[in-house]
Structures are given as structure tokens and as C-alpha cells.
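Residue numbers (my numbering), protein chains in the order written: chain W, 1 to 224; chain H, 1 to 224; chain P, 1 to 224; chain E, 1 to 224; chain B, 1 to 224; chain A, 1 to 224; chain Z, 1 to 224; chain U, 1 to 224.
Read the hints as simulated data drawn from the structure, not as lab findings. A few of these clues could be false.
[Claimed, not checked] Computed footprint of chain A on chain B; a stretch qualifies when at least three of its residues, placed anywhere within it, have a C-beta under 8 angstroms from a C-beta of chain A:
{"#": "1", "stretch": "11-21"}
{"#": "2", "stretch": "30-37"}
{"#": "3", "stretch": "92-105"}
[As the list claims (entries may be wrong)] Estimated spans, in silico, between C-beta atoms of each pair:
{"#": "4", "chain 1": "H", "residue 1": "E144", "chain 2": "E", "residue 2": "R7", "range": "16 to 22 angstroms"}
{"#": "5", "chain 1": "Z", "residue 1": "P74", "chain 2": "U", "residue 2": "G25", "range": "54 to 60 angstroms"}
{"#": "6", "chain 1": "B", "residue 1": "E64", "chain 2": "A", "residue 2": "P74", "range": "27 to 33 angstroms"}
{"#": "7", "chain 1": "H", "residue 1": "G12", "chain 2": "A", "residue 2": "R125", "range": "53 to 59 angstroms"}
{"#": "8", "chain 1": "U", "residue 1": "G25", "chain 2": "Z", "residue 2": "A70", "range": "51 to 57 angstroms"}
{"#": "9", "chain 1": "E", "residue 1": "R71", "chain 2": "W", "residue 2": "L90", "range": "56 to 62 angstroms"}
{"#": "10", "chain 1": "W", "residue 1": "R71", "chain 2": "B", "residue 2": "E64", "range": "55 to 61 angstroms"}
{"#": "11", "chain 1": "W", "residue 1": "S92", "chain 2": "E", "residue 2": "R71", "range": "38 to 44 angstroms"}
{"#": "12", "chain 1": "W", "residue 1": "E72", "chain 2": "P", "residue 2": "D10", "range": "34 to 40 angstroms"}
All C-beta atoms, glycine included, are put in the ideal place defined by N, C-alpha and C.
8 protein chains.
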Amino acid sequence: MDPTEPRTQDLGFARLDVDRAARTGDPEVVLGQGKRPEQVVTLLRTLHREHPDRAVLATRLAPEALDLVARELPQATVDDVARAAMLGPLPSPRGLVLVVAAGTSDAPVAAEAALSVAAHGAGVRRVDDVGVAGLHRLLAVRDELAAADALVVVAGMEGALPSVVGGLVGVPLVAVPSSIGYGASLGGVSALLGMLNSCAPGIGVVNIDNGYGAGVLAARIARQ
Amino acid sequence: MDPTEPRTQDLGFARLDVDRAARTGDPEVVLGQGKRPEQVVTLLRTLHREHPDRAVLATRLAPEALDLVARELPQATVDDVARAAMLGPLPSPRGLVLVVAAGTSDAPVAAEAALSVAAHGAGVRRVDDVGVAGLHRLLAVRDELAAADALVVVAGMEGALPSVVGGLVGVPLVAVPSSIGYGASLGGVSALLGMLNSCAPGIGVVNIDNGYGAGVLAARIARQ
Amino acid sequence: MDPTEPRTQDLGFARLDVDRAARTGDPEVVLGQGKRPEQVVTLLRTLHREHPDRAVLATRLAPEALDLVARELPQATVDDVARAAMLGPLPSPRGLVLVVAAGTSDAPVAAEAALSVAAHGAGVRRVDDVGVAGLHRLLAVRDELAAADALVVVAGMEGALPSVVGGLVGVPLVAVPSSIGYGASLGGVSALLGMLNSCAPGIGVVNIDNGYGAGVLAARIARQ
Amino acid sequence: MDPTEPRTQDLGFARLDVDRAARTGDPEVVLGQGKRPEQVVTLLRTLHREHPDRAVLATRLAPEALDLVARELPQATVDDVARAAMLGPLPSPRGLVLVVAAGTSDAPVAAEAALSVAAHGAGVRRVDDVGVAGLHRLLAVRDELAAADALVVVAGMEGALPSVVGGLVGVPLVAVPSSIGYGASLGGVSALLGMLNSCAPGIGVVNIDNGYGAGVLAARIARQ
Amino acid sequence: MDPTEPRTQDLGFARLDVDRAARTGDPEVVLGQGKRPEQVVTLLRTLHREHPDRAVLATRLAPEALDLVARELPQATVDDVARAAMLGPLPSPRGLVLVVAAGTSDAPVAAEAALSVAAHGAGVRRVDDVGVAGLHRLLAVRDELAAADALVVVAGMEGALPSVVGGLVGVPLVAVPSSIGYGASLGGVSALLGMLNSCAPGIGVVNIDNGYGAGVLAARIARQ
Amino acid sequence: MDPTEPRTQDLGFARLDVDRAARTGDPEVVLGQGKRPEQVVTLLRTLHREHPDRAVLATRLAPEALDLVARELPQATVDDVARAAMLGPLPSPRGLVLVVAAGTSDAPVAAEAALSVAAHGAGVRRVDDVGVAGLHRLLAVRDELAAADALVVVAGMEGALPSVVGGLVGVPLVAVPSSIGYGASLGGVSALLGMLNSCAPGIGVVNIDNGYGAGVLAARIARQ
Amino acid sequence: MDPTEPRTQDLGFARLDVDRAARTGDPEVVLGQGKRPEQVVTLLRTLHREHPDRAVLATRLAPEALDLVARELPQATVDDVARAAMLGPLPSPRGLVLVVAAGTSDAPVAAEAALSVAAHGAGVRRVDDVGVAGLHRLLAVRDELAAADALVVVAGMEGALPSVVGGLVGVPLVAVPSSIGYGASLGGVSALLGMLNSCAPGIGVVNIDNGYGAGVLAARIARQ
Amino acid sequence: MDPTEPRTQDLGFARLDVDRAARTGDPEVVLGQGKRPEQVVTLLRTLHREHPDRAVLATRLAPEALDLVARELPQATVDDVARAAMLGPLPSPRGLVLVVAAGTSDAPVAAEAALSVAAHGAGVRRVDDVGVAGLHRLLAVRDELAAADALVVVAGMEGALPSVVGGLVGVPLVAVPSSIGYGASLGGVSALLGMLNSCAPGIGVVNIDNGYGAGVLAARIARQ
Ligand SMILES: Nc1ncnc2c1ncn2[C@@H]1O[C@H](COP(=O)(O)O)[C@@H](O)[C@H]1O
Ligand SMILES: Nc1ncnc2c1ncn2[C@@H]1O[C@H](COP(=O)(O)O)[C@@H](O)[C@H]1O
Ligand SMILES: Nc1ncnc2c1ncn2[C@@H]1O[C@H](COP(=O)(O)O)[C@@H](O)[C@H]1O
Ligand SMILES: Nc1ncnc2c1ncn2[C@@H]1O[C@H](COP(=O)(O)O)[C@@H](O)[C@H]1O
Ligand SMILES: [Mg+2]
Ligand SMILES: [Mg+2]
Ligand SMILES: [Mg+2]
Ligand SMILES: [Mg+2]
Ligand SMILES: [Mg+2]
Ligand SMILES: [Mg+2]
Ligand SMILES: [Mg+2]
Ligand SMILES: [Mg+2]
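Chain W with its partners taken away, still in its complex shape:
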């Protein structure tokens, strides 16, 4: 590899890595945090031009950015729950990822994960509100869990759900701590620590509320 060759799109405020898909199989994704709405639109439009037949994503969008994308890029899919936008056709899905969430309040993170899985080329299904305080809800979907190619498991508070799932099935599992909770939940740090210390093996953990990162990893595993 000649590292000076890979292409870059110079947009003034950004030096867009349009070579990313060539290297890693997946195009660059726009992180909305700290960017102005116009910048988000420009970045999304540029990525789409570079990858016309492959969906591109922008995540963590503030309401103003979601609005501007909806107005400027009417062909885009805007997901208000996931606070994300997508432009271009979904890849045809290979493999299946199950996105499992402990509670109703984890919906935004689960939605971001599911969207990311789809945009990165795997099939996706969601299973919500199966927290460990009511085990029968989880045991009822045990076969579904076992049949997936990869799992994304979202939980806030004590973050115990991945440990229990990881003791039931051996499917590669990506755990996402959510920031749901209060007081000693420390903004999701307690759930994060719980997942890192899981007594069940085979669990990879991503950042708090990082449905996107989990979705990418799970899609890469599932579509192999």
C-alpha cells in the first residue's frame, strides 16, 4: 500500500476520507456532534456522491441538523428516534443481527444500532424490553437469540443483560451500555463497568450509547 495515494475530499472545513470503503469495506460516517447543520448536509451529500449505490449515514444529529437534512436532502431517511439520517440504497442484507434491549427507555440506542446494522449490510431484527428482572421474557426468545449471527445487547442501569444472554447462547455478542439510570449510574459508567466485568465470555463492549459502533461490529460479524 502506498499510503499517500488514498483519495481525500478537501471540503475546506473537512478533509473527508473517501478512501475508507476501499480500505475497510465501509464508507466513512458523519459524526454530527460539534458540526453545524450545513456541514452535516455537505458531508452527507459528498459521501453519497462518492458511494451512489451504497447507503451513507450521519449520526448524533441535533434537531436542527435533522431538520436541515430533511429539507435539503428529501430523498434521505431521517430517523428521529435514532437521531440519524441515511442517504442511498441499503446494501442487500447478509446474515442476521438481533438487537436486544433491556428496557423501553433504551429505544434510541437500539434504533441507532439497528439502522447502522442495516446500513452496513446485514439483516436486522429487534427484541425490546427483556430486562433481567423478568427473565421469562428473555427465555421466551432464547431460540431467536441462538439463531442470530451476531447480537447487539443494549442495557442501562446495572447493565446485566449481556451477562445473562452470554450464559444462554454462544453467538458473538456486542454489548452497549446505555445512559438510562440516575445517581450512581454515573451517566452509563455503571452499566459500562458491569459489561466489561461480565462473568460470561465472548462479549465485546462499545462506548456508552454507541449504537452506531455496535451496529458496525455486529454487521461485520454477521455478513462474513
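Based on these hints, arrange chains H, P, E, B, A, Z and U with the ligands on the given structure of chain W.
Chains H, P, E, B, A, Z and U with the ligands only, in chain W's frame:
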């Protein structure tokens, strides 16, 4: 109450609260940490003289203190796993406490809890190694859990066991985080945070490795 | 137990655990955080339908949720101080829980605890503003403390009240750190640490500001 | 599934989950921390008896445990660098995992990961000492990285290696923070935080020094 | 030196250190945080009067302070991205500082750094959006990096960019962690820790988002 | 002392400790945080009635509480910078406290301290903006420092001022960390840690931004 | 003051501040941590030569340093509990400091404080083992507390003792958190936080286990 | 640059970056932590062979490694205080670095810094024991500070020395927090935070006890 009246035993190095049982129903307990072995022996002997027909305890004893107690107070029970010593007859047990531990490595904490329950007047039984990665072990003892008057649940690493137990039965539950784990377990802090953020209600948490405190609370609940 | 049998109410956005009361003696409670007001109303209504003769609760409600509940469920009790709502008749009380608060500013947490005690079937009385800097206020109610079946003790800042209460009486004690304080109070973490390290035994600690969890545990102890 | 049916081996001090392989595809592994050497030997022997044609592992073994295993179970493989022992024949490998380490000092963690990969049924190769301060070492193995089915990437100090690898290839990546470093490395917490905040997606993180957990996840991905 | 002699401007609310330039070569700079807009204007005006032929700065200005400065001191340069204001002519530049930023969202910090470099007498150029997940963007500017007299390197999230730059060139490097990120980025602490633990030597780190401090140090190095 | 005798004012929402002055020499002070404006007014009025010839204080008042006090208690002194209110005549001052602040931005904390000193019976003078980066400002007031009976020293950011003052004079010194700073100042925790670790002895530290507590301690020392 | 004039003793490895007593009233004290035993002896000897009629101190001495001091400076007082050594005659005491300790295990810290008080010119008395779980022990000495000129209050675990003492008497109070405790006591940090957040005012806090610093401050207050 | 070309020495256990000097001007340095003594010797010997006329370093060596280096490489300089070893002739010094230390106990860090400066081609002088509690010691060397080309300033405990130095002179300053202190010094974290929050600008901070990193940066600045 005239607070200047309650009795105190002045031992020079200690001002022993021999009125504790009159106020709270349970005699003072010696915390071994930071005390010299001779001090532990003297304190235990004095507590025993004040409460001749009720077991008194010393906890968190270093090996030298355990040895000296064994030598100087041959009638004492020395529990090497719990790192504790007891002097005097057990009260007759009222109610039943189940001490549940997630793993084999939690044995010292579970032993300290069980000894403390017994010394504080409740019946006690132990259930070991029923961590959440192998749920069937726990579900197999569900009826035993439901039949207890109080539960002590010990777990290290992610500390998820109390959440799962608390979703199965409504028995008052005292959770003890243990320091088993490494790295991001932060000496038991992760298990502690997990228990404090449990999505199952009705769980009171004590300090890391504090089998003693858990035992006292559970005994007080069970013997009511 | 056949864990696939317990009943679940599928509400689309939630998989409501309507089997909880059968397992633990107490119905599921709605955690308002992260839920839309309509979801709170639907969940409360569904829980009420499942447990028509037993009060059900929703806690940590934002003002909009409190308002919508008041409008949509006029028969509900809406407690603005506790930021909670209750639907259905209170169980007849068994036993007595005393909810003790260190300062005036701890009122919201004490109110949530008291409501939860009542909804979970125990009698409840409150003792407010008896912080340790004016001991005589606490010593004046010593007999009331001793006569209760369980205590909930709420305190912010250094969280010392449970240690002092726990040295006066042997009643099972549930400690709730509140987030009252500033600077090094770290949002309630200092009070939490103080309570976990109490030199008085027999104290179970719940999450910061978690009046609900404390109320459930205390009610379970008191109603035995 | 009838959760009361799965088998358990009651060893007195342990309730061994011998059903784990049936549920997850991989047998239980012995965590050496907090266990006595004899307990380790008994557990390993029991696991081997249950899975005679499949390697079983014990990890985080103190020198005394490594010695006793070597003496009592002479047919076991004892890996002094990985501080682990293995008993029984390796499964025939499916897929390939590359274990990449930033520095020479990360060898124990990389060794534990590699052993765990092999014991869990995938092929494994190691690439050592390719930290980001000398990028050419990493760029020289770019094709090897891209050809693997899964990557385990170990790094201490600032833990930047997974970010750089994750920008070069799209292979599923399991990141392991190591405790190598001092001062503000906080025993590996800085590397852990670095990996969780990686600007490259598709990275699952495990606990500090947890080569075992990383190996299991990578093997499960690779052998699919 | 007679330390009682250095001059001070007493402004009532402030005891302005107008001797700073005599001692350190650079005049005092106004920190806007916690000051009222009028105070900022008065301080800037006073500093300008003391150093009429040398630019003086005010940083971390709230929008109201930026506005008032623009109105009251029309000859001032107001930089909305850097949230800073400058009054008086720039010193003629000696040496060259390159301000390198990992992402588009780090622009405010990079702008503050660049302005500070210029105001403190060195030449400055910016290189934006060269994060480590797309190495070719950085490798493409390697010669520019090597030709500078000092580097300021800004990065959020895992803060890995200084390690990679520090492995490519031996130019004195000042690293600035930015607060871009979420969850386990802990408001920039993760990037800070990453930079402090860099495996490349020769890196001095400043406070999170402290473009000003980095700019001063880099200018002092470059203008030598 | 008969602890059940000391008087208490029962206000319904508060159990006001009107015996405080009899025990400690100083009346209770109202902490405004978490109290409704009407409650603040009632408490201040009640304290004033109990101590008609001695100023009483309310601190940490929100703007609405400051306003209501000004309207309902026109004879009260309302200090907008200190966010506090005082009712009743100041005690005649004994001794002198110097309140020293590192920067202009520490004014609110210094003002709260100065008001508290005066209300607790000592004389007070302020010295502002003498931070350690311009030592001559501090050395110029060395004699004033040495002549005081007690010092309150307020500083944010690195909190180094008490160490330097404590090396210059042996006057009892109360250090107050302020929350001025950003990023790694961690809301004042860095200044707090700096002061606790001072290499100069004879320094007592209070909570972050706690001008009130520092003022009380300094007044008690000075008026002896 | 001419700051270049104050005298310094150049010992090669140290630049001893022999001017300290002239500035602050108290000579420099040797911190044993990180110094070789011979260095401790040389420093103590030099300080003694400079202040022949005033006791000088060395604190935090390792056993080897205590031994070497005893051998080389036979006229020194070596306090094994306080881990400190003193050389030269005690100043005649002015005022009285009471050193109050919560438990027997706090003895080393209380001893260091008492020795420091005496060496810094105040009278001293100790009151041990009066922790808040047995209030009557403290209430019994209330008059003694009130009669002192300053208090040093040592406590580990939750560190509640200063709050209770501070509510009983208005004597200036220096609080010392001790490292006694385990788990969530975090090496004394919990006690420290408790003391900083005390609901009783007039409390100055020193570093964990810093009996020396507390003693100096209390002596300075008491001897005024 | 063709990044696949730079040379690497494959030693089996290490992939030594022998191209480092070509890229950055300074050869790789051996970090002793986590390496076996023989590995240290081999690495040092290899580096020396690659750079025969330029000193190479190994740092953070355990006593056994220091011994083995002394025995195997008798021509090496072994610095027991700095815990480091150096092989080969020093470069001829350009510019001057002053290494300033707050206390005697910071000697090991100051020694490591001084050795690293010399090995990286700058002249070096040390100024020890000039902590801020005795300012005259520092003011006495003010001219020496101002004359240096770069400063390394080492301090433990509250880490205030860089702030004071940075207010006296405008020389580029590298601050090194040391781990000297106890309790709330948190192993050097308090000093680190103090330095990052310095109110004097132009200060770059390195990891706790990282004399090596500070020395490299200072040498690079000074030798320009
Ligand atoms: N293992 C333990 N953990 C926590 N607290 C304890 C323990 N053992 C005894 N204690 C408490 O510590 C106090 C004894 O402290 P001391 O006066 O130092 O012996 C008693 O009041 C006990 O309730
Ligand atoms: N090195 C390790 N790190 C983390 N978890 C482990 C490790 N080794 C084994 N385990 C897990 O710990 C559990 C065993 O705990 P125990 O029942 O105490 O032996 C198993 O379920 C393993 O998956
Ligand atoms: N600004 C303040 N910071 C800390 N404590 C305070 C402050 N103002 C009042 N207090 C203390 O807080 C207690 C009042 O609490 P409360 O009963 O809630 O009003 C009093 O005992 C005061 O000593
Ligand atoms: N004392 C030290 N502190 C921090 N980093 C160091 C130290 N000594 C060497 N290093 C760096 O650590 C890297 C060597 O790591 P390794 O490859 O494990 O020997 C080199 O790139 C050095 O720049
Ligand atoms: Mg739910
Ligand atoms: Mg087990
Ligand atoms: Mg009150
Ligand atoms: Mg290396
Ligand atoms: Mg970018
Ligand atoms: Mg200023
Ligand atoms: Mg005691
Ligand atoms: Mg010194």
C-alpha cells in the same frame, strides 16, 4: 433516655460500648483491622464477660490475630475462611437467612455473612456458585429462595446476581459486592455500582466484602 | 417453574412484565425516565387493569408526564413533590415504616419513599429535618424510631444520619443518599459512600435519590 | 428450554456448570483468582472428564496453581507466560485470528488470548511489538491483518493501536487494554478509555488484561 | 529582583499584573470565564494601554462579552469560532507553528490555539481533519509537520493523534485534548489520559480544550 | 447536658434548631439549595425572631429567593454577589479576618466568606486578585497577611495560593477551592486536591465554593 | 521583605529552609517519605542546630529511619505509634488542643497529631474511641470539648464524627480523615468527602492521615 | 516517505524500531517495565550497534535489570537513582535545560529527566529543593531560570511549583508531576491536575514520574 448514663468499658486503648446491646439488641463487634492481636483478644474477652450468654464476634482478623485468639481463648470458634472469631453460645435461631454466592471465589465473604447471621440470632443456610452465566443453577433453588425470611446475595465482577434474584422472589434482599475480579472491576466498585443500580427493587447494598454488615441486617429482618 | 409460562403484555414499545406480582408479591412499577408521557399513561393503565384492586405506581415523572396522567387518569393520585403517580386502592397496611429525613431539602426523596411504602402494603409515618448537627431533634424521637418495624433514612451532604440512627436502635434500616449538597458532594456520591462505610451495622443502602427502592425494601421488611 | 434440567456437577465448594457447552458451544473455563490450587486441579479434572475430546482451560493461575496442575495433571499444557493451563486435545481450527500486540511487555495478555483462541476452535497467529510510534511496523503487516477473520489487538499506555488498525482494515476487531504503563495509565484504565472512545468503528472492547475474553469472542467470530 | 517593585494596575475588581511582559516576555491575557462583559472590556482596554504596540488577548468569552467587545472596542479582532478577542497589532512572526486537528469538530480549540500563537509572536498554519482512522491524510502532510518549529496537536475522543505524529517527526509537540466525544469520553478526560500516556516521547500536554495555553507554549518554542 | 431539652421550632416543613447558638455560640444558618423561596423567608424570619439582636443568614439563594427576601423582609441585607441574605444587626467585631482571593472570578465565593465572617462576629477585610502567577501582588501585602488573626484564601484552577501564603506567614489559614476553571479542573476538585496536599502546614480546607463554612471557622478563630 | 535574603542551608541533597520559623513562627519539619534514613538524620540534626531551644520534628518515618534516628540521635524522642521523631525541648504550652479519635484503630494518626500540637507550642489531651455509633461516649465528654481552644477530630470509614462534634460545640475544629476502612472507603477518600460535606460549619479538613498538618493548625489556633 | 521501507530489527520477542532516529532525530529508548532483564540487555545492545556514536537509553529498570546491565554491558552508565542505563557517547550538548525539583524526595524523577536531556543532546543543570513553601529559595535562582533554553519542573503533592515558575519567567516549561505525597495525592494525580490547571500559561505536562518524556521534550526545545 439520658445519654450520659449508658455504660462504657474503659480499656485504655478503647472505650468499649458495652451498652450497644441494650440500645440495639446486639452487642458491639470488634473490627480487627488496625488493631494489635492483644487488643483483639482483650476486646473479645471483655465483650464476652459483658454478654456471657450471647455470642460475641471479632471480624477482619489478620492471621496473627486469628492465631492469638485460638491460643488465648481456646473456647472461641475461629473461622479461617471468614477470618473471624466468635466467643460464647449462639442465640437460638429465629427465622431463616439464605446466603447466596455467585462463585466459589466469594466463599470468604459468604462465610463471614453466615457466621454473622448465626451470631445475631437467625438461622442460616448457604447456596454457593449460582452465578448468572449458568441460570439453571439458580432456577433450581428458586423455591428455597422464596421460602427464606431474608436473603444475602454475594457477587463480584459485574455483580448481577441480586438483580436476577430480585426479579424471581420478593424476599428482602441484602446485596454484598465482592472484590473478586480484576482490571475494570476496580476492587469491587463495579459490582457495588451494579447492585446500587439494580433494575429489581427491594435490594439494600452494603460495603464491598462486608459480609458482617449484611449478616446483621439480614438477621434483624429474619428474626422479627 | 416453567419460565416460558409467566405472562407478558406486549404493548409494542414495551413487553410489560405482568407476572411480577405473582413471583415477587408486588406488581411492576413504571420508571418514568426516558419514556414519553403517553407511554407512561398506557403503562399505568395496563398495570391497573391487571391489578385492579392493588395500587400501581409510576415514578420519576417529568412535569409533562405528571400533567398527562392527571388529565387522562383522573382517578390517579398525583404527588408533585414525589414526582410520582399512583392508581388503584392502597393495600391495607401491615407493620410500620418510619421515613426519617435529615433536612427540609430532602423532602422529594422522602415523599417518594413514603408513597412507595404505602403502595407496597405497609403503614408509614415521616420524621423530617433531624440532621446530626442538632442531635436533640433526633434523640427526641428515639422511642418512635425504636418502635418502627423498618426505617428509611434519607440524608444528603455527608450522609451521616444513618450511622447515628443505627447506633441508637436495632431496627432494620434502609439508607437513601440524597443529591442535596454541592461541590465535593459529587451529586450525592459522598453521601452514598458515607452510608456504605457506616460504622453502625445493619444498614442497607440504595441508589442516590432512590426513595422508591428504599420504600419497597422497607415495606417488605415491615409487612412480614 | 426447561431451565431446571441442564446438568450441574456439585463439587461441594463449586456447582460446576457442565451444561455450558450444550448451551453456548463452549465448555466452562476455570477462573483461578481466589481459588485454592487443589480446587483448580479438581475443577480442571472434572471439566476434562465431562469434555474428554475438547480442550478445557484454567486462567489467571498463581505460580502455586501452575505448579500443582503440572504435578497432578502431567498431560496438561502449562503456559507460564499466559499463566494458564489447558487439558485435552485442541479442536481442529476453523478460520484465523490474528493476535496483535503493541509492545513486548504485552506478551502475557497476548499469550492468554492466543491460547484461548486455540482452545475455542479457531486458528491463531501472533504479531508482536507493532505500536503506533513506529507505524511502518504495522503497515508492513497490513495484508496479514486484512486476511484474518478476526483480530485481537492488545495495547497498554494510551491504547491507540485498535484505532489505527480499525482505520486500515474492516475485519471484526476485539480490543484488549493492558495494564502496562504507570502513573496516569491508572492500571490500564487509560488504555481502556482510549479503546472505548475509538474514532474507528467496529471495535469491541474487553476488560483490562482480559486476553481470555477477547480470545473467546474472536474465536466465535472466526469459526463461524 | 525586588518583588515588591513590579507594577500592578488596581482596577477595583482586579489587580492587573501589568508587569507580566517584563518578567515573561508576554503580557497578561484576560480569562473571560466568570467575569462580567464590562470587566472584560475594561481589562482589555487597560492591557492595550499598557502594551500599545503588542496585541493583547481575551479568551473564553461568552456571546455577550464578544458582543460588548465588538461594540466598545471596534478596533478589536473578534473571533467567534475561537470565542476570543484581540486588540493591538500582531508581533512580527518568528518561526512557524503548525496547528493540527484530528476532526472538523475540534475547530474552536484549533482556532483558539492559532490565534494565541499569532498573538504571542510566531507564524502559524493550520492542518485540519487528519484523524488516525484515515492515516493517509496525515502521511500526506508529513513533510509539513517535519518543517515546523513546533506543533500543536488537537484531538478528542481517544486522543491518539499526538502519539502517531510523535512517532513520525521529532518536532516539539504540544498536545491538546478536546472535549469532543460522549459517554466514556468523560468530557475530554479520556483524550487527556491518552495523551499523557503516549508511547511517543517529547509531548507536553495542556488542559482539555486549552488552545490558549498550547498556543503560548508553542509560540515560545518556535520564536526562540 | 440533657439532649432532649434543647429547643426546636416546628415549622411543619422544618424542625428548626433554635438551640444551636446556645450550644455552639452561633445561630443556625439557612441553606437555600432545595428550598422554596417562601420557606427561606419563613426560616429567616423565625431565626430573626429567636435572635433579634444578632444577625442571621441565608446562603446559596436562587434569584427568586433573593427577590422574595428583598420584598418580604425589606430590612434584610441582600448581597447579590454572595447570593446571600442577612437579617438583624451585625455583632461587634472581635479580631480580624483577611479574605484573600486569587482572581477576579472568585468574587462570589470571597463575598460569601466575608459576609459570613462579619455575621459571625469578626472584623473582615478583602484582598482580591493576588494569584501566584504574579507573586509581587501577594508579596506587596505580606504584612497585612501577617497581621490578621485568621486568613480565608480562595482559589480556583490549581488552587496553589494557600501553599504560597502558608509559606509566608503562620496565621491560621482556611482554604476554599473555587469552581473557577474548566476541563481537568473538574468543577473545583483539582483546586480542592491541591489544597489538601499543600506542602505548607497549618491549612484547613472546606468544600468547593463554601465561603460560608470558611467564614464561620475563620471568625471563630479570630474572635477567640 | 527582601525575599532573596532569607537564609537557606545547602546540604547538597537539600536546600533546607531554615528561615521558615522567622517567617511563620514554626521551623521546617522533615517529611520522611522518599528520603533515605541518613538524610532524615542529617536534616533533623541541622534543624536542631538552627533551633537549639525549640523542638524540631520528622514525620512519616519508615522503621529503618526510626531506628537510625534512635541510634544516631539518642537524645531524640522516637514515637513508634506516630512514626515520628522529635529533637529538642518542647515549647511551653499555650492554650489547649483536644485530639479526639473515633476508634482505636485511628491511634497512629491521633498520636501524630498530638505530638505535632505539643511540638508547635500548645497543650494537648487525647480522647479516644468515641465514634458516632455509641453517642453516649461522646456526650459524656461534651464539657471537655467545649473547654478546649481547638479540636482535632480523627475518623475513618464514613468520617461522621466531626459533623456531630461540630453540632455540639463551637470550638474551631480541624478534621482528619483516616484511612481506616475497606472497600468503598477508598483509602480514606470517603471519610475525607464526608468531612468536606459536613452539615455543621466551622470545620477545616486536612489530607487523609495527616495528623501533622492538623496538629500545626490546631496549635496555631490554640496558642493565639 | 514510503512507510513500508523504514528498517526494523526482528528480535523474536521484539520488532525494534531502528528507524526512529531517521524519522525523529532520536533513537528508540527501552522501557524496562514488564521486560525481563535479558530482554533489556539485548535491546540496549542492539540499539547501541545501530547507533554506535550516539548514547542509547533504557529506563524504569528493576534492580535485577540494573544489575544485569552492569554485568553484561560494563561500558554502560548505570544510574541507580534514575533507575536507568545508558550506552554510548553523549551527543555534544546544544542549549541548556534546567531541571528544577520541588523537594529532596523528587530526586529519582529529576535524575531521570537530567539523564534523558543529556542523552538527547542538550546541556543540563539541576536545581533541587526549591518548593513554594520557601519562595526565597526559588527567587534566589530567578536569573538562572530566565537564562535557560527550556525548563523541566518536577513537583509532587499539590504540584504548584510550575505555576510559580511560569509566572516568573517565559522560558518554555515542561512540568512533571511526581508521586510523592499520600492520601489525597492519589499517587500523583493531584499534582498532575494542579499542573494541567496552572494559571500560568506556556506549560506542557507529562505523565506522573515521567522524567524521561520531559527530558526528551526539553532537549528538543533547547537544542533547536
Ligand atoms: N467487618 C466489619 N465491617 C464493617 N464494620 C465492622 C466490621 N466489624 C465491626 N464493625 C463495626 O466497627 C465498629 C467497631 O469499631 P472499633 O471501635 O474500631 O472496634 C463496630 O461498631 C462494628 O459495628
Ligand atoms: N481470565 C478470566 N477473566 C474473566 N473471566 C474468566 C476468566 N477465566 C474464566 N472466566 C469466567 O469466569 C467464570 C468462572 O467463574 P468461577 O465459577 O468462579 O470459576 C466462567 O464462567 C468463565 O467464563
Ligand atoms: N452555604 C452553605 N454551605 C454548607 N452548609 C451550609 C450552607 N448554608 C447553611 N449550611 C448548613 O446547612 C445546615 C442547614 O440545613 P437545612 O436544615 O437544610 O437548612 C445548617 O446547619 C448550616 O450550618
Ligand atoms: N520511562 C518511560 N516512560 C514512558 N515512555 C517510555 C519510557 N521509556 C521508554 N518509553 C517509550 O516507550 C516506548 C518503548 O516501548 P517498548 O517497545 O515496550 O520498549 C518507546 O517508544 C519509548 O519512547
Ligand atoms: Mg420494562
Ligand atoms: Mg462458578
Ligand atoms: Mg435543617
Ligand atoms: Mg516496542
Ligand atoms: Mg473527519
Ligand atoms: Mg487576575
Ligand atoms: Mg470502638
Ligand atoms: Mg524541602
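These are the hints, each one checked on the structure:
no., hint, verdict
1, 11-21, "holds (count 7)"
2, 30-37, "holds (count 4)"
3, 92-105, "violated (count 0)"
4, H/E144 / E/R7: 16 to 22 angstroms, "holds (19 angstroms)"
5, Z/P74 / U/G25: 54 to 60 angstroms, "holds (57 angstroms)"
6, B/E64 / A/P74: 27 to 33 angstroms, "holds (31 angstroms)"
7, H/G12 / A/R125: 53 to 59 angstroms, "violated (48 angstroms)"
8, U/G25 / Z/A70: 51 to 57 angstroms, "holds (53 angstroms)"
9, E/R71 / W/L90: 56 to 62 angstroms, "holds (59 angstroms)"
10, W/R71 / B/E64: 55 to 61 angstroms, "violated (31 angstroms)"
11, W/S92 / E/R71: 38 to 44 angstroms, "violated (58 angstroms)"
12, W/E72 / P/D10: 34 to 40 angstroms, "holds (39 angstroms)"
Comparing the model with each earlier hint shows violations of hints 3, 7, 10, 11; every other hint is respected.
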